[in-house]
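**Student:** Here is how the chains run, residue by residue.
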Amino acid sequence: MTALVLSLDEVGAGDAVLVGGKGANLGELLRNGFPVPPGFVVCAHAYARVLEVLDLGAALRQLDSAPPEEIVQRCAVIRERLENQDLPGDLAELILAAHGRLIESRGRPIVCAVRSSATAEDLGAASFAGQHGTYYYVAAAQLLKKVRQCWGSLWSPEAVSYRATHGIDHASVSMAVVVQEMIASEVSGVSFTANPVSGARDEVIIESSWGMGAAIVDGRVTPDSYVLERADLRVRSQRVADKRLMVAAHLEAGQSARLEEVPHAMRLRESLTPDLLRTVAQWSLKCESHFGKPQDVEWAICDGCFYLLQSRPITVMGREDIGRDVTGKYVLFKPLVENFTDPYTPLSNNLLMLPPGFRSIHSWVYVDVDALLRLLPFKVSAVALAEHLYSFEQDAPAWKVSISKLPALFVRGLVFLLAIAVLLLRTRALPDGALDSYRALCAKVDVDSSMSPGDAVVRLLLVPKLSDPVGNMPLMINLAAARFMSRMRILRRLVRRWAPDVRADAETLLGSGSEGVLSAEMGRGIWALAQEANRNPRVRAMLLAQAPERALAELKRTPEAAAFLRDLDAFLAQNGHRAIKEFELRSPRWEENPAVVLGMVRNYLLIETEPSIHEKKATEARAALIDDLRARLQALPLERAFGLRLRLILFFAEQVRYFLKMRENSRFYYIMGFGVVRKKVLRIESELMRQAKLKCKDDIFFLLANEVTGLQTGRLQWLDVEDRIRERRIEHIRLCKMGPPKSIGIELPRKYAPATQHEGATTLQGQPASPGAFEGLARVILDPSIDVELAPGEVLVAPYTDPAWTPLFLTAGAAVVEVGSYLSHAGTVAREFGMPCVVDVAEATHKIRTGDRIAVDGNLGSVRILAPKADA
Amino acid sequence: MTALLQFAAFVLGSYLSIRMIAALHGPVDVWHMIGKTWPRVVAEIVVWGAAIAVIAWLMEGTYRTAFFWGLAVYLVFYLSLLPLGRLYWARRRSERDID
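Protein chains in written order, with the working numbering: chain A, 1 to 872; chain B, 1 to 99.
Everything labelled a hint here was simulated from the structure, so no lab data went into it. Quick caveat: nothing in here was measured; it's all calculated off a predicted structure. Keep in mind that a hint or two might mislead.
Which residues of chain A face chain B? A partial, calculated answer using Cβ under 8 Å [as the list claims (entries may be wrong)]:
#, residue
1, 10
2, 88
3, 110
4, 292
5, 353
6, 419
7, 431
8, 462
9, 463
10, 706
Cβ coordinates follow ideal geometry from the N, Cα and C atoms, glycine included.
Given only the sequences and the hints, what does the whole structure look like? Please build it.
**Tutor:** Spelled out as structure tokens, the structure:
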């Protein structure tokens, strides 16, 4: 008789046709002594039997010849019948009997995990990622229903569409179902027997967190992370994360959601002891040894025992594979890179449409080099253009003009100029506060319930009304503010022509120091909050002694903190739309989580330096520079009498300041627009969670706009999107860890990356962003809300920076940042504070360690590691 | 020569059209601080409006017609930008299956 239900230990690697890839893999491990939770498999024959009983064979055979518009409808009928019709009595008995034996073998009541195991899962490149159902915490009463739902998931619109796209015959796929005991894990995680990002084979990577593993795999928590030497399992590096959430193994009475807060005392505690860490690594390596390939292992720890939940080959898609399916040439646009260090979440990527010339590849923003080449009147190769876009240095390259391109480009240029001519005039001399009307527009769009998030994007960010004030078009103002580049170029030429030996950063210094730059005002606002906190010892103590979230809760209960909280509210009323990684809709805004602002206030409380000292220093330097220029220019003809050259220089310096301020302030406002779109998304999320169509906070950001609409209208349900969300979360994390390739379809010269050895010191090359030289001890900071200690004179080494990092610049002697350009936040702030800064230093936070003595050269864009920590 | 002058009149008309439209946007652009900036805003409208009127008055026959064509063509071009933009983004939205 053909097997319908088999115990897991009865199957092995060669049984994939019978029990699917997942079932065969788990069975293989179990029968070879790996600690896999016990269970059984409802075989593919059982599925075939049910199809026969339901008389669905003909319907399946006709599917491949059906018109495309009818396929989804026909599949829905098949799915509906599979999910809702009772199983044949004998089959149901077999499944329940196997379940009974499982309970008996465990000697106690258990709940199970029910997982699809499609027999076509090994078809070439088709991964079926997220297409088929998986159900956790299934009790006996629900078992048969969940098995039917697994079969039904083979006929979901997504699975059908996936097969159609990959040319897989619908009738050729079959489905087994694995039923296993659920492990009530105290700690769980994933391990990789090779580095999945770098591909390094001498490392074992382990990530762990409290509770069930789903939260790690889905990216809902940041896990503790360990890198072990493969040879002796020595810990090479480790990072203990602030683990705020966990998926609980047991539900308390009255509790419906499993995602819960980690008790405070456990948040920053290591989730794995050294012994357990070793155990996890050893079992992971045994898996690799058994299968003969690097493995990605999911595991759990329950009552101190290790359980292996899944082991599969690592499917490493390296950076070089990203965009392999994309035609054309693309490069990261340096001025934007620091805003997009992580890829967009699917919803952000879907909603925030990029203007022509840009393209989202794997949710990172790239410039289309070919499109730009067509628009430029220069004889320039794609590589040279890509290199310029990527490095985006101050000096414009000296490209030759292409005569043959000129006529067509003249026409295009003229049309473009005519299209923006009115805008350029309207933005020529705007008063400070011209953008204030945008705040009112945002409030209006926010309360207009007839506008979807997509409508809000168009209204607030893309297409204004004819009667709108120019302040309602921050994106257009941002475009108009690009004029600072031409003004800066003229300023540089004038200064270098008439005073060639003046200090190297003269133009930068002349162009800085505008009043009314909102980012700077924001920094001053946080400083003012710190001053207010300093006035009240109790408030100061609360902020310094506790994590910001707890401090906020306590401040609200403390009458003495009323003045501070009032100031905080006033600050949030102006700046509450800002966030860390604020170009991403998923990022919580400060008004939602004021604890972030308190973290920054805390940073200011920890340092003694007043921001105005830096500003004063820069103002004095600027005044000295102008005196120096005046003195140098007076040697030129007629300058003493009329001072025209100096006036011309100061005029263009004023223009640079004006347009730079406009650029900075427009960004402040369109982040406000992003905030409104986020609010609309959150309202929808809240409604969908109330209707149980979504289960977890933030899940909505892993859907596409039409899927959100589908959930709203009832076209889709939670079961339809659950696996999609999970798979997209996993992919998102993977891409975040990997980081974007600098170019796609084009090879950039390798001058940016390599570290070189010279006179015993390692030199890392980056891009100069603020001039000057500084030598000091390095402080690597990965998250400004956690790692806040930066002693005066230390060198800040960071992966990226945004406004949340500004307080750290007050004490730093210099800054080294992994991404960014001359125009990036780090460069702008460093120039304002007159400190050296080097950006775009590849892997700086890995190559430099806290305590290393380093020399930063902001003129050459280089960083030398003079003495590693031990010797420093 | 006449054609060249007519073309020049057309270009001048387009240029003044741009200036006038920008000036007319002035009150809207700074509406919330109009109390502080109205002299500049009104001056721009008056200056560019007067420039158009005076030039049109000074011109003769066909040049005046070319000048008015310049004014009108840019105005129509400018007014068509927003509907075109709206159409473009609507198409992008539908391509991306938003809503």
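**Student:** Holds or violated: is there a CB of chain B closer than 8 Å to the CB of residue 706 of chain A?
**Tutor:** holds, 4 Å
**Student:** So, as I understand it, the hint says residue 419 of chain A touches chain B; can you test that by seeing if any CB pair is closer than 8 Å?
**Tutor:** holds, 6 Å
**Student:** With a cut-off of 8 Å on the beta carbons, see whether residue 10 of chain A makes it to chain B.
**Tutor:** With a minimum Cβ separation of about 46 Å from chain B (threshold 8 Å), the hint on residue 10 of chain A is violated.
**Student:** Was the hint right that residue 110 of chain A lines chain B, CB cutoff 8 Å?
**Tutor:** Check failed: Cβ of residue 110 of chain A comes no nearer than 43 Å to chain B, outside 8 Å.
**Student:** Please verify that hint: residue 292 of chain A, Cβ, nearest Cβ of chain B, below 8 Å or not.
**Tutor:** violated, 43 Å
**Student:** Have a go at the residue 88 of chain A hint: is there a Cβ in chain B nearer than 8 Å to its own Cβ?
**Tutor:** violated, 41 Å
**Student:** Was the hint right that residue 463 of chain A lines chain B, CB cutoff 8 Å?
**Tutor:** holds, 5 Å
**Student:** For the hint on residue 462 of chain A, just tell me whether its beta-carbon gets within less than 8 Å of chain B.
**Tutor:** Interface hint status for residue 462 of chain A: holds (5 Å vs cutoff 8 Å).
**Student:** Going by Cβ atoms only, is residue 353 of chain A closer than 8 Å to chain B?
**Tutor:** holds, 5 Å
**Student:** So, as I understand it, the hint says residue 431 of chain A touches chain B; can you test that by seeing if any CB pair is closer than 8 Å?
**Tutor:** holds, 6 Å
Violated hints, in rising order: 1, 2, 3, 4; the structure is consistent with all others.
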